[in-house]
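Could you slot chain B onto chain A? The hints should help.
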Amino acid sequence: MKIVICAGPPTSGKTTVLKQAARRLLAAGHRLAYLKIDVQFADEDEVFHDTFGIPARKIYSGDLCPDHCSVLVLGDAVKWAGAEGADLLFVETAGLCLRCAPYIEGALGIVVLEATSGMNLPHKIGAMLSLADLAVVTKIDLVSQAEKEVFRANILDAAPIDVIEADALHGIGIDRVVARMQRTAPVEGRLMLRGSPPVATCTICAGKRDIGWEHHFGVLRTLDNDLFYRGQ
Amino acid sequence: MDIERITVIGGRGRSGDREPLEGLDLEMGAVISIVGPTGSGKTALINDIGLFANRNTPSLRQILINGSTPPEDCLDDPSRNPIALITQHTTFLSDLPVHRFLSLHARIRKHPRPADVVEETIDFANQLTGEPVVVDVAMTELSGGQTRALLIADAVVIGNAPIILLDEIENAGIDRTRALELLRRYRKIFVFVTHDPRIALLSDSRLIMHTGAMQAQLLTSPEERGMAERIRAVDDLLLELRERIRAGDRVAFEALGEAIARARSALSKEEGS
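Residue numbers (the numbering used here), protein chains in the order written: chain A, 1 to 232; chain B, 1 to 273.
The following block holds chain A by itself, in its conformation from the complex (with noise of 0.2 Å):
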């Protein structure tokens, strides 16, 4: 099974990059699955499964760090794809966080930026972007040349990762990124995280509200010390 891990933050274009590149991978013969991680809502499944008739699901993961979830359901969710009958997985992410990798060793790591999110958004997030393959920069046809030279300069100094510009309304650039993800050998064995992205749940992730270190546990700090550990 290839395995598309997708991740960016909201708005970004994540699913359009995935249903424009999923038009051309099931014409090019693949057979795919989909599967949306969210928190509260998400229609992305009935859409994919209704507009191209592929095995398509949600999991909501609630009160739990959507990417945490991610980790919990995703080996699960490579078994359904298969009992599917798939050969492809597309994963996408909540994209709530601008922090979250959820990409997995052997997978293709996506993360969707908008060019329009401001040239210095690829040092403000870390291992969405440092841990993923590619770097999908969307929206491009609303920004001048300059600031586009200037995204993806940033993005390659803050990784040194592939990056395909794209207007992925218009289908401009999706090729590429299909010819990557079929380029991308199929995942064997164990599944491992890539890397330790800040998914950890914690304890305001799991719904305690009160404001302050001392009603939490785990990891934690003050406002003048470094993060210790609190266990219950």
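Hints in this document: simulated from the structure, not taken from any laboratory. All residues carry an ideal CB built from backbone N, CA and C; glycine is no exception. Be careful, since some hints might not be right.
[To be verified] Reference excerpt, derived from the structure (chain A facing chain B, CB under 7 Å, subset only):
hint, residue
1, V143
2, E149
3, A153
4, I172
5, D175
This is chain B only, laid out in the frame that chain A set:
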């Protein structure tokens, strides 16, 4: 890459039939306008050019550079892409001051003398727009006309793209005759999508679009070129009227006497010729 020519090999129009115009060659230095009603496929055509369509867009057109398929690397990196596309929606989002923003672009392009190209860019932009750009104002505070002028100047001077595609620049306070004059000093291929008769007639040729298909390419005749000059007096009349209305004046036919007389004389000369 030295660009001598881009070629558009025709595909299919919206009806699915072959395009009447089978192909189009644009030699370095060419200035061409794409004309046709809204929805006729003008923007789709420049998008095809901008992404080096290879029978993989709805039109099934193919774009060649110097007679062959463009190398992959010119798509990989916008600074190596020979095409700069400026659309009606393109804008600056950075709130950096103008000179710092342009210096940043010049530095990324590794210009040996960044200060010089920045100055040339601002100078160029100021000749395109009636309202000079103040260099320490934020990019996002520029007016529509200033923004458009600076977008063009940046793509031409700092970006130095050999092929520049401009989608309806006339809507943004650009001096069109001046723009054409200035742009022709740079040896590039300029493609205008336009509804403006003057831009069309000041181009070397115009491509007629209809129902998504290239219909014909008309070379601008000497007579048409002369028309562009004469029609300028009519345009200037409207510009003067616009300026007065913008300035808050009341307007009267008589007050525009001189501009009207010039327009009338330019038009009657045409009738006589």
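### Query
Can you give the numbers of the hints that this structure goes against, from lowest to highest?
none
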